[in-house]
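**Q** Chain by chain, the residues:
Protein chains: 2
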Amino acid sequence: MGLFVINRIAELREKIKNFKREGKSVGLVPTMGCLHNGHASLIKASSERCDVTVVSVFVNPVQFGPNEDYDKYPRTLESDKELAEKNGAAIIFAPSVAEMYPGMNKFSDITMVAPPFHMVDMMCGKSRTGHFDGVCTVVSKLFNIVQPDYAFFGMKDIQQLYIIKKMVSDLNFPIEIVPCPLVREESGLALSSRNKYLSEEDREIAVSISKSLFAIQNAVKNGIIDTKKLFDAAITVMDRRVEPEYIEFVDRKTFEPVDTIKKPAIAAVAARVNSVRLIDNILIGE
Amino acid sequence: MGLFVINRIAELREKIKNFKREGKSVGLVPTMGCLHNGHASLIKASSERCDVTVVSVFVNPVQFGPNEDYDKYPRTLESDKELAEKNGAAIIFAPSVAEMYPGMNKFSDITMVAPPFHMVDMMCGKSRTGHFDGVCTVVSKLFNIVQPDYAFFGMKDIQQLYIIKKMVSDLNFPIEIVPCPLVREESGLALSSRNKYLSEEDREIAVSISKSLFAIQNAVKNGIIDTKKLFDAAITVMDRRVEPEYIEFVDRKTFEPVDTIKKPAIAAVAARVNSVRLIDNILIGE
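So the protein sequences, as listed, match chains Z and D.
Per the numbering used here, residue 19 is the first one in the first sequence, and the count goes up by one each step.
Per the numbering used here, residue 19 is the first one in the second sequence, and the count goes up by one each step.
These aren't lab readings, by the way, just hints derived from the structure by calculation.
Predicted model, so just to flag it, every value in this text is computed and none were measured.
Don't take every hint at face value.
One copy or two, it doesn't matter: identical chains are merged, so the pair holds either way.
Simulated crosslink set (SDA-like; lysine to any residue; CA at most 25 Å straight-line) [claimed, not checked]:
hint: 1; residue 1: K183; residue 2: M118
hint: 2; residue 1: K33; residue 2: R221
hint: 3; residue 1: K280; residue 2: R31
hint: 4; residue 1: K239; residue 2: P134
hint: 5; residue 1: K229; residue 2: L209
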C-alpha cells in the first residue's frame, strides 16, 4: 500500500486511529534512523506479526550526553525510507526535535521516565549518565503516540531491551515487547549505525570485539564458568588497539551481574576503536 | 447498569476493551478512596462527559514519605462504593499493593516517572520529597491500565494538577485532563479526606486557613498586588494555632512563582493543625 512518511504527531495519531478502527494490529520499530540489516530484521519481524508497521526515525537529543555524538550521528532518511518499505513498513514517523520536545530549553524542563538505579548502575549506564532516562522517556512518548500492540527491539542494545521490558511491566504499558536477535556481518562484527564512523582498518580491529565474545562462548562450552577466567579469555583475543570499557556477565532472566555461569547468561562488551564506541553481546550458558 | 468492583488489572483491561469495542468513551477519576463531596463532583463531571466512569481507589505507598500517614490513611471502601455509584460511576478499580507493585522491595526497584525539578522545587514538593514522583508513577500506571479518554483531577491538589498536565503533555498521553473546582464546606474549609483526622476544635481552627485565602482574594480585589503584603494579610486572619508551612503565589498559566499579581494567579497554602497537614488554594487576580 506504499509508505507514508509522517512528521507530525497529530497526523500520525489520526492515521493510527483509522487503522485501529479497521481492527488492524500495529507494530512499532523505534529507531534513530541510519537503518541497516539489523533494523531490517526488526521491521520484517513486525510486518510478519502485525497488520501495520510503524518505523520511527528520531535521533533523540535527550539520550545523548554532552560529549557524545548527537550532532554527527548519521541521518540518512532517503535510504531509510527504501529499507523500511522493502521490509514491509507502512509508515515512517520522522518528527523534528521541536515536534517531540516543544518549548524544551534544557534537560530538566521535562517530565522524565527513569529506570531503577540497579539497572543503570552497570554496563553502559555507568559511563552514559542519564542515557537510559532519555531512552525510557522517548520510548514512552513513542508508545503513547503510536499506541502499538507490539514493539520490536534488537538484542544488540541488550541493556536497553531489559530496561524497556522492565519499564513496560512497571508502568503497565499495554504493549508486548518483542526482542529480535543481534545481526552480524560475515566477519562477526555486530551491525551498528556507528560502524559508519569506522575506517577500513578500524573495522578490522573492531572485528576482534566479536571474536572476544566468541572466545567467551567457547570457553563456557568447554566448562569454564568463572567470569574472571572468561574475561581473560576475551582480552587475549581482543586486538590491542581496542580499548575495552567493560566486559560484564549478567543472568539472562534477572539481568543481574553474575560471578559464575551456572544458568543462561549474557556476556556484554563496550569498547572503543579509534574513539568510536561500539557494543556487542552474546548468549552463553544455555 | 450497577457498579462493578474490580481488583485485578487483567479483569479491568478486559472490561475496558469491551466498552471501547462498543465505541464508549471512558473517564477516569483517580482517588485514594475515603471519598467525599469533592470526589463526588469529579465523578459527576466524568459521568456527564463520558459513557463509562472508572473510579480508582488506591492508597499509593510510593507517594508517601517515611514519616507520613500511609498506614493510618483512612480506608472506607464500602461507603466509597455507595458514593461512586450514586454519582454515576460504572467501575471501582481497587487493586492491592501487590497487584500494582508486584515484587517491589523498595522504592528504587521500579521505573519512576519524575516531573521536572522546577515544578517540585516549590510548594508541597519542598517538604514532601519524592511525593510527586510517586504520584506521576502511579497515575502513569493507571493511565496505561484504564486507557481513559478523559481523566478528572481536583483543583484542591493544585500542584498535582499542573504536574499531571505537564506529564500528559511531555509524555504524549492520549488523554484530556479535566480540572474540577475545589469544593468547600459551608464554613469555608476545603474538603479533604484528611479532615477526618481533625477534632471538632481542630476543625474550627482549620477554617481560618480558608479565611486567610479569602483575605488574600479580597486584598487583591482592593488593588494590593505585592505578594509580601498579601502574605501578611493572610497571616493576620490565620488562627495562631495553625502552623503554616508555606503561602505561595504562582502564575495561573505557567505555574511559576510571582512577586506581584498582575495576571491571573493562584494563592496556595499548606499548614498544620494539631499536626494534621492540610492544603488549600484560591484563584486570584482574574
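**Q** Taking 25 Å as the upper bound on the Cα-Cα distance, should K239 and P134 be classified as within, between, both, or neither?
**A** The answer is neither: 33 Å in one copy and 49 Å across copies each exceed 25 Å.
**Q** Is it within, between, both, or neither for K229 and L209, if the alpha carbons may be no more than 25 Å apart?
**A** So K229 and L209 pass the 25 Å test inside one copy only (14 Å; across, 67 Å).
**Q** I want to check one pair: K33 and R221. Are their C-alpha atoms no more than 25 Å apart within a copy, between two copies, both, or neither?
**A** neither (42 Å within a copy, 54 Å between copies)
**Q** Is it within a copy, between copies, both, or neither that the alpha carbon of K183 lies no farther than 25 Å from that of M118?
**A** Close inside one copy (23 Å) and across copies (16 Å); limit 25 Å.
**Q** My question is about K280 and R31: at a cut-off of 25 Å on alpha-carbon distance, are they close within one copy, between copies, both, or neither?
**A** neither (47 Å within a copy, 39 Å between copies)
The earlier numbered hints that this structure contradicts are 2, 3 and 4.
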